[in-house]
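Chemist: Chain by chain, the residues:
2 protein chains.
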Amino acid sequence: MEIEKIATAYTGLETKFGLPRQSGVVPSLTARIVMEKGFSGEDLFRGMENWSHVWIIWGFSRNEDAGWSATVRPPRLGGNTRVGVFASRSPFRPNMLGLSLVRLLSVEFGTKDGTVLTVSGADMADGTPVYDIKPYLPDTEAPADAFGGFSKAAEWTPLSVEDPEGLLACLPEEDAGTLSELLAQDPRPSYHSDPERVYGFSFRGREIKFRVDGNALILTDILGKL
Amino acid sequence: MEIEKIATAYTGLETKFGLPRQSGVVPSLTARIVMEKGFSGEDLFRGMENWSHVWIIWGFSRNEDAGWSATVRPPRLGGNTRVGVFASRSPFRPNMLGLSLVRLLSVEFGTKDGTVLTVSGADMADGTPVYDIKPYLPDTEAPADAFGGFSKAAEWTPLSVEDPEGLLACLPEEDAGTLSELLAQDPRPSYHSDPERVYGFSFRGREIKFRVDGNALILTDILGKL
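Top line first, the protein sequences correspond to chains A and B.
For what it's worth, the working numbering labels the leading residue of the first sequence as 5, then goes sequentially.
For what it's worth, the working numbering labels the leading residue of the second sequence as 5, then goes sequentially.
Don't read these hints as lab results, they were simulated from the structure.
Hints are supplied without guarantee of correctness; some may be wrong.
As the list claims (entries may be wrong) - A few chain A residues that face chain B, going by a derived Cβ cut-off under 8 Å, partial list only:
hint, residue
1, Phe-90
2, Arg-93
3, Ala-173
To be verified - Okay, derived cross-link-like pairs now, SDA-like style, lysine to any residue, Cα gap no bigger than 25 Å in a straight line:
hint, chain 1, residue 1, chain 2, residue 2
4, B, Lys-116, B, Arg-77
5, A, Lys-41, A, Arg-25
6, A, Lys-41, B, Trp-72
7, A, Lys-41, B, Asn-67
8, B, Lys-41, A, Glu-6
9, B, Lys-41, A, Ser-32
10, A, Lys-9, B, Glu-68
11, B, Lys-20, A, Glu-6
12, A, Lys-41, B, Phe-21
13, A, Lys-116, B, Ala-70
14, A, Lys-41, B, Ala-70
15, A, Lys-9, B, Glu-8
What the hints assert, rightly or not - Covered stretches of chain B, as calculated for chain A (at least 3 residues, CB under 8 Å):
hint, segment
16, 58-65
17, 92-106
18, 143-153
19, 184-193
20, 198-212
Every residue gets a Cβ at the ideal spot worked out from N, C-alpha and C, and that includes glycine.
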């Protein structure tokens, strides 16, 4: 089946490293979803204000050449336990489709980019192709007896973000808040234990540098525009 | 983007008419999801028992030639109010992707059909192509403050199913229960008011005939194997 890009999502997260592990995990991370010309008519969004959240179906475009793996080691299980690809939300899937639940903040028409949806709680890389937008149905999509997964098996607490040099204060307020949330959810690819190792990722044109010592994440540098 | 069928879903609902309006609305409707050969290894499902529900991403294969509509009139709004395609779960979408939340009942390997998942709360037609299976994440995919849409705008009560000829008693118990749930959610395409009009749809090799008088659905005939 051939599917067509209907929009592009922009979050300012240029690399896979640093991305939230799931949608909703970094509530303040916004995405601008810029609709393609053929899918930007006001009619297509009529009644959108009646919904608080929407599903985005999108493509793991950074993985196109990587192929899929039968099993994966989810970071939230400590990186040592293997589970099947269909028992995980791994991006290395037979079809590279991502699914994110995001809060709908606004739909704007006639901006310089055309029709733009702004959503929060996003988890896509910058420039991600979008294939569908569907309203979230709270009556049937939040089963009271659901259980699962990773969080029960490996209770997880956010890191405490330390900023000894006061770097966050130099950022625009909105970016500082989002960056703190991104860091608190521990962006490291799996559990490393070297407290001196410096990690980095790219966020809205800046290079973010940090290390992790126990339950503390220490912000060491922010390079690029401030 | 090209996506590949990984499985086929069988529900015994051969026509679009009669399908549940959403997943979870007919809790007892099961689907057998028969995996394609290349996606049936036991490894791919390792740890699946840790999840109660899964998302199915599938194709509205009955609509392939129909194209999409900018606006639709959802049955739950009475069939008279137009909303945009992205503010609805209409099957006539730019990309014909369906999204269903279903309860995972079992995963079996080495059956005569190979690897088979059995799920309940399905809403797909018989023979639907499946493109992805992902675990449902209760921690992040059931936002407490979500609101939306159709059910609030048009409070809906199930029909009372009447069976004056005792036809349901002739069906296998499981099918009788599922059929009652299917009928109670009002399978009519929109709100018609002629109490004499007889409707029909196909369910597991039988033709189901009924009419609707006010809030009562009267089962008038079941044709085919009993």
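Chemist: What are the numbers of the hints the structure violates, in ascending order?
Modeler: Checked against the structure, the hints that fail are numbers 3, 4, 5, 9, 12, 13, 19, 20, while the rest are satisfied.
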